[in-house]
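Engineer: Work out the full structure: start from the sequences and follow the hints.
Protein chains: 4
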Amino acid sequence: MTPSSPLKRRLYKVIFEAHTPLGKAFDILLLLLIISSVLVVSLESVKELRRQYLQQFITLEWIFTILFTIEYLLRIYSTPKPLKYIFSFFGIVDLISIIPTYLSLVIMGSQYLLVIRVLRLLRIARIFKLTHFINEGKQLSNALRASFTKIAVFIGTVLLLVVIIGSIMYIVEGEASGFTSIPKSIYWAIVTLTTVGYGDIAPATPLGQILASFVMIMGYGIIAVPTGIVTVEMSRTARKTAETRLCPNCHQEGHPVSAKYCFNCGYHFAAM
Amino acid sequence: MTPSSPLKRRLYKVIFEAHTPLGKAFDILLLLLIISSVLVVSLESVKELRRQYLQQFITLEWIFTILFTIEYLLRIYSTPKPLKYIFSFFGIVDLISIIPTYLSLVIMGSQYLLVIRVLRLLRIARIFKLTHFINEGKQLSNALRASFTKIAVFIGTVLLLVVIIGSIMYIVEGEASGFTSIPKSIYWAIVTLTTVGYGDIAPATPLGQILASFVMIMGYGIIAVPTGIVTVEMSRTARKTAETRLCPNCHQEGHPVSAKYCFNCGYHFAAM
Amino acid sequence: MTPSSPLKRRLYKVIFEAHTPLGKAFDILLLLLIISSVLVVSLESVKELRRQYLQQFITLEWIFTILFTIEYLLRIYSTPKPLKYIFSFFGIVDLISIIPTYLSLVIMGSQYLLVIRVLRLLRIARIFKLTHFINEGKQLSNALRASFTKIAVFIGTVLLLVVIIGSIMYIVEGEASGFTSIPKSIYWAIVTLTTVGYGDIAPATPLGQILASFVMIMGYGIIAVPTGIVTVEMSRTARKTAETRLCPNCHQEGHPVSAKYCFNCGYHFAAM
Amino acid sequence: MTPSSPLKRRLYKVIFEAHTPLGKAFDILLLLLIISSVLVVSLESVKELRRQYLQQFITLEWIFTILFTIEYLLRIYSTPKPLKYIFSFFGIVDLISIIPTYLSLVIMGSQYLLVIRVLRLLRIARIFKLTHFINEGKQLSNALRASFTKIAVFIGTVLLLVVIIGSIMYIVEGEASGFTSIPKSIYWAIVTLTTVGYGDIAPATPLGQILASFVMIMGYGIIAVPTGIVTVEMSRTARKTAETRLCPNCHQEGHPVSAKYCFNCGYHFAAM
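Top line first, the protein sequences correspond to chains Y, E, G and H.
For the first sequence, counting from 1, position 177 maps to 177 in our numbering; every step adds exactly one.
For the second sequence, counting from 1, position 65 maps to 65 in our numbering; every step adds exactly one.
For the third sequence, counting from 1, position 195 maps to 195 in our numbering; every step adds exactly one.
For the fourth sequence, counting from 1, position 147 maps to 147 in our numbering; every step adds exactly one.
Hints listed in this document are in silico derivations from the structure and should not be mistaken for laboratory results.
Quick caveat: nothing in here was measured; it's all calculated off a predicted structure.
Check each hint, because a few of them may be wrong.
[Stated by the list, open to error] Computed from the model, here is a short list of chain Y residues facing chain G with C-beta under 10 Å:
id, residue
1, T195
2, G199
3, A224
4, G228
Each residue gets a CB set at the ideal place from its N, CA and C atoms; glycine is no exception.
Structural biologist: Dropping the structure here:
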């Protein structure tokens, strides 16, 4: 069988691509399988359900595992470069998705191993890679990447702040209110500064509450910083991708793509 | 009686439209009736009040129901296309608003059914549709719709994150701290990432608290993304609706105020 | 004594205005007095402190009240239109600031009345009105006012949402988890949607937690809307107040105020 | 030894600067030392660890202290102006970083004093000052400084609001729900308005919950203000640093890229 056999090529188109009707159908089926499989893993972790439906869960899990195994083997078979696929990010994720079930036959009762199957969700990323969502996702991640240094400086400052705030609160509040150690106080500072506020640890002394108030108002202002960073970056990429054209005569910018004449010098674009 | 009888037409103007003084008065009266009726439904659900004022609540409820029934019948009578109204969104909402009270005569003690009457609130949307609030609402919903794909990608990523974070925390924390199952851990991850932070489930082990700290700081940054999306979209629609000029020759929109020539037909604006 | 007696005019300048050294000193003194007085009211409400320092609190309170009374009388005396001042917003606030202490002589033990003295804080607003903070404050309040309709639509939608969400949660969760009535469930919905999340009421059933998760993710997106509104409005006012000049020759906009030549046609501004 | 001895100059380059390979290596080593040292201080505060590893903690602490002391002495030795360094901000921080350990020999059991060593973290700021992170940090802090007056007005308004809200809630809720004094109620108002929401104090009466709902929705809107301020300021600085051109004739900055003439000297850019 040559590497470019027609069967291989047709399988490749269905499994790896998405612009044929069969390829789309395969992707949707795979998406449903992944989501159902993760749903089964989740529900299996609920004690009452596991007790009552254990047999059904095991049966379903084996159905999913066998289907994913067939898919994995077909991927290796149909791809022109099997080794490259096997050691790619998605190749490893595909393998990790099926291994825990097989291992559960050998190693007894390893509940924790089974949770790894949740990583099947990462396989969804591949499906979306092939759809029109990718542009939007790219724009989002571009905006985040462009502002990476700013965000790093910001997170560094926040970490510095929470360590110092946590240490001060450890001295001020002490063990009575739950600030039993500096790491726990730092945990409290993060919970407070991010406005999560569980309330499992909360200042009880007047001085502690005054300091906490400062931290909260500070957190209020600090939350504005990442928002500002991301918004500015997004509006910049939005502006860049916004289609405008340049006048070749007077170089005036900002014309919509449908423009026929330069609004600065009246030059006729159609004459280009 | 012809479909265009003067009474029908006058009723239609009062009930369905809002630019006559009577129409406005009708809308304000209806608004007050809806709000009072929902208030009565709400207060009726308070045990102490229900015990003490049950008779008054029932009386008030029947007054509201009869008034809304009369209104519903008048709407059917006055509209030129009764069937179209009956099966429209607002026609169904109008019917749902009155049915539970009548059903309570037949089916005994169905407290849950009565709560449906809260959906009367949706009728307020119709009233606002007729006022000047609509433009602002449209601008808001336009901004949201334009950024729909971006928001979908964002929510998808968040859902993927909370499932993976939840599963990890289920293993790390275990049942002792309330992470009794993966769905419950996912619920915790959502409560934390959105910075709500009830505190009904909170990590108790050091490793769990370190992971939770990462989740919180991540949530801090993630909250910036929808804000960035909506802000950029809003500023774009704001810019579109403002600061542009219309070509008096070809009615092409979207010229910057500094434009000298229409970019569509080359018309010289200065010649105006 | 004529209405424009020199004493009156000098008093008016010191008390009501702030551009003379004496006027500024008066404002700073008043600011300190108001803040100390509110501090005393606050500390007096702490049980342990009231028990121990009751006499000192009463003495201080009378000192503040007498000083504010003298100031109030001087304001009436020095202003050219006493009645207009007395019935103005700040005139009423000034009166409310001193009345409770006098009333406490007549009516016994009315602790609640004394808290009204906290409203003295509103008097600070007057002082800031006279300083350079006003421009910034005006810009902020302008941005808020300009987006008032948008914010009203937004708050209306939020209120509609919390009533419907609250009613659904009342049916889903019931009394066992604290959702004892529709108003209480609406309160929970507000606490959750605004990401405050006290945790005094939290869903306990799986269905309730799924619904709550939807509400939280929704709240995550909704919080972006007011931020977007205010940011767009602020950047618009910022752009408006950003000083640019127009070329009188070619009407090209966007020149910095220091520009000497039009960057579009080279016209020399100094020739204006 | 003259002040410009080659050893001194070489030491200065390594310790105070970062553009030589040795200087960079020194900075990275120092960064690791500071972080490990703060980690040791943190872990030492955990009771179980202190009990078990007390001797190791003390040994490590002395190693860090001696290394930092050597570094401190070398800094004094190598800098051309020792007194200026000693009394500079970083000089004092460097001294504070080593003093507590030495003092612990003299004064017994002063646990609180040892926490001061956490301030070593501030020394990290110096290292980052020398790296490429500084530009981003400067841009962030510039944006914050430029909007300082606006943020001051905003925080002032927030403080005014929480005092008034706190006082009202103190009267409405009373001691039964934890609002035991005005300062504690103000603390609650800050916890709520910033959407932290611990839940240690929460309104229990219907009226209190209605008021709290208003505060939360208000807080929802208020959080938009600092975000708006910072975003506008950031986009302004971002715009300033990007998309402008320099005049090659007079070096005037700030021309839009579409500029044809320098607005300062009238130089014709196209003639470039």
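Engineer: All hints, please: hold or fail.
Structural biologist: Verification of the hints:
no.	hint	result
1	T195	holds, 7 Å
2	G199	holds, 6 Å
3	A224	holds, 9 Å
4	G228	holds, 9 Å
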